[in-house]
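**Student:** Take a look at the letters that make up each chain.
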Amino acid sequence: MEKRVYVWEFPVRLTHWVNFLSILALSITGFYIGAPFLHAIRENQFIMAQMRFIHFVSAYVFTVSFLIRIYWLFMGNQYSRLNQFIFVSGERWKNLIDTALFYAFLKKDLPHSPGHTGIAGLTYFIMFLIFLLEIFTGFALYSESHLPGFIWTFMGGWLFSIMGTGTVRLIHHLLMWVIGVFTIVHVYVSWHNDVIEKNGLMSSIFSGYKSIEE
Amino acid sequence: MSKIKDDTSSIWTSLAKKGVSRRDFIKFCSTMAATLALPSSFVPRIVEALEKKQRPYAVWLEFQDCAGDSESMLRATKPTIAEVVLDVISLEYHETIMAGSGKSAEKALQDVVKNQKGKYIAIVEGAIPTKDGGIYCTIGGKTALDIAKEVCGNAAMSLAVGSCASWGGIASAKPNPTGAVGVGAAVPGITYVNLPGCPMNVENVTATVVHYLTFGSLPALDGEHRPLFAHGKIIHNNCERRAHFDAGQFVRKWGDEGHRLGWCLYEMGCKGPEAHFNCPTIRWNGGTSWPVQAGHPCFACASTNNWDAFGPIYSRLENVPGAGYQTTADKIGATVAAVAAAGVAAHAVIRAAKGTPHKEEKE
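Which chain is which? The protein sequence lines are A and B, in order.
All you need for this note's numbering is the position in the first sequence, starting with 1, plus 1373.
All you need for this note's numbering is the position in the second sequence, starting with 1, plus 413.
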């Protein structure tokens, strides 16, 4: 029998889509800030100012979304908790290996994973770290136009004690590409697994429900 | 260059003797108050201090440098800031402009160090090499490191003028073959102010000395030991081309229409958004111009390790280390993204060919 299971709670779905929208806005505006591809025709256009405004607002939105998701690592249900991302049990590692073998066409069935597969869990853990580094590098670059203060040092200014501003900018830029590549693979794998499992995975990130075999 | 014995006159008296009018003197004091970001109510205090205080003794040391900071001082114009600098301080030793040479010149330096111990100002221009016992810069048989230790170590305060003296400058850029460092790193524990810039801005140097004379203390410093009045704000925030930045009007090529119209130099690699300096307000050569006004991007000359830490002069984004001269971060990113897209497409094709496991059969 298949059963409708409430897998993705509201904070998980909310942060997922807030992340999606803010990353989209951050990538487009970030690209512009890095290399302005539109040039003003008239004096009263404020393209760079608006791009920067959207970038900074989206950055704060993304940071808050990230923090909510971190909070939910400790407060959420069994599918969204910390141990789904940082493996403590051998079972998660076995799931990871079996999923990898399935994706490589070396195994016939996708292991039973009502929440994240092992590969997904580990990948998202790495993505959390990349998000965190993107936040720190971003605020470090942002802090350069502010007077020094504890909050800026904490939010990323500490990076300047180990690397130059050029390196911080390069990391910030390259990680955007990493997130872009992740998005390509992430959307494909979700679609792929939805087709394989026929569990409504794609709609589950809107509704929260998956159809799971008993 | 006055002899030590003769020099008991106050700064104002000696300026008056040189023919500086009272009006110009007050104007100078007002300029100094403005440079130090002090309200006009402080002008009388500065006037009073310069009227009463004796000229402090100063020696100017040159190490690994191009004498650009000396040039910057000597080429200053109205109201003869150079005169004021030379008269605000009593310069006893300056290798480039002093009349004496050889042993008599070195004696002048020794006299100040011995007779004015703990009272004189040591102004240092140029980096100090530390590798191989400091042999890469020697003057009169002594290494720069030993001279700096002796002269700066016995001074009331040291002023590191120019980027080389502040943190090593271009001499310390990778691979830094001579182990060049700034004054603060070469002689630990001294009282010093970094006044970087390539070259230094003479008005900031003078203002620091005036602050010291007026208040008896150093101006407030930032984390890089630079005075906040000169390095508290980024160039970008006071830049005359800032409006073009916000509008989205950029120079794309040297001499293009935007360049002729004075648009923003951001795309040409300008480091104004990261560099803390008061160039846009104080400018150079007596307020004539400054690099961005002249159409060249800022390259953060006054920021620590600008040669290595701020990326290429003419680009905003450096390339990935080891990826080659022509390979930008975006080329790498786009390639990886294309490979990922091709990879998932290939996977989808193989999956379609192999078919999906038939789950519905289980029910």
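Rather than coming from a laboratory, the hints here were simulated on the basis of the structure.
Quick caveat, the model's predicted, so the values are computed rather than measured.
A virtual CB, placed ideally from N, CA and C, is assigned to each residue, including glycine.
Each hint should be verified, as a subset may be incorrect.
As the list claims (entries may be wrong) - Just so you have them, the derived chain A footprint on chain B, three or more residues with Cβ under 8 Å:
1) 542-554
2) 613-624
3) 711-723
4) 733-746
5) 760-769
To be verified - Straight line, CA to CA, 25 Å or less: simulated PhoX-like cross-link-like pairs of lysine-lysine:
6) K555(B) x K1480(A)
7) K527(B) x K466(B)
8) K431(B) x K1571(A)
9) K744(B) x K767(B)
10) K1467(A) x K1480(A)
11) K1376(A) x K1571(A)
12) K1571(A) x K1481(A)
13) K465(B) x K431(B)
14) K555(B) x K1481(A)
**Student:** Can you tell me if the region 711-723 of chain B counts as covered by chain A, using C-beta to C-beta distances under 8 Å and a minimum of three residues?
**Tutor:** holds (count 4)
**Student:** Under 8 Å between beta-carbons, do enough residues of the region 733-746 of chain B, three at least, approach chain A for the coverage claim to hold?
**Tutor:** This one holds; 5 residues, not fewer than the three required, reach chain A with a Cβ under 8 Å.
**Student:** Has the given pair, K1571(A) with K1481(A), been kept, meaning a C-alpha gap of at most 25 Å?
**Tutor:** Status holds; Cα separation ~16 Å.
**Student:** Counting residues of the region 542-554 of chain B with a beta carbon closer than 8 Å to any beta carbon of chain A, are there 3 or more?
**Tutor:** violated (count 0)
**Student:** K555(B) and K1480(A) were given as a pair; does the straight-line alpha-carbon distance stay at or below 25 Å?
**Tutor:** violated (76 Å)
**Student:** With a cut-off of 25 Å on the C-alpha distance, tell me whether K431(B) and K1571(A) pass.
**Tutor:** Roughly 94 Å between the alpha carbons, so the hint for K431(B) and K1571(A) is violated.
**Student:** So is the region 760-769 of chain B in contact with chain A by the C-beta rule, three or more residues under 8 Å, or is the coverage claim wrong?
**Tutor:** Held - the region 760-769 of chain B has 6 residues with a Cβ nearer than 8 Å to chain A, which meets the minimum of three.
**Student:** Would the hint linking K555(B) and K1481(A) be met if the CA-CA limit is 25 Å?
**Tutor:** Between K555(B) and K1481(A) the Cα gap is close to 79 Å, so the pair fails against 25 Å, i.e. violated.
**Student:** Taking 25 Å as the top limit, are the C-alpha atoms of K1376(A) and K1571(A) close enough?
**Tutor:** It holds: about 13 Å lies between the C-alpha atoms, which stays within 25 Å.
**Student:** Between K527(B) and K466(B), is the straight-line Cα distance small enough, at 25 Å or below?
**Tutor:** holds (21 Å)
**Student:** Is the straight-line distance between the alpha-carbon of K1467(A) and that of K1480(A) 25 Å or less?
**Tutor:** holds (13 Å)
**Student:** Check, residue by residue, whether the region 613-624 of chain B contains three or more positions whose beta-carbon lies closer than 8 Å to a beta-carbon of chain A, and give the verdict.
**Tutor:** Result for this restraint: violated, n = 0.
The earlier numbered hints that this structure contradicts are 1, 2, 6, 8, 9 and 14.
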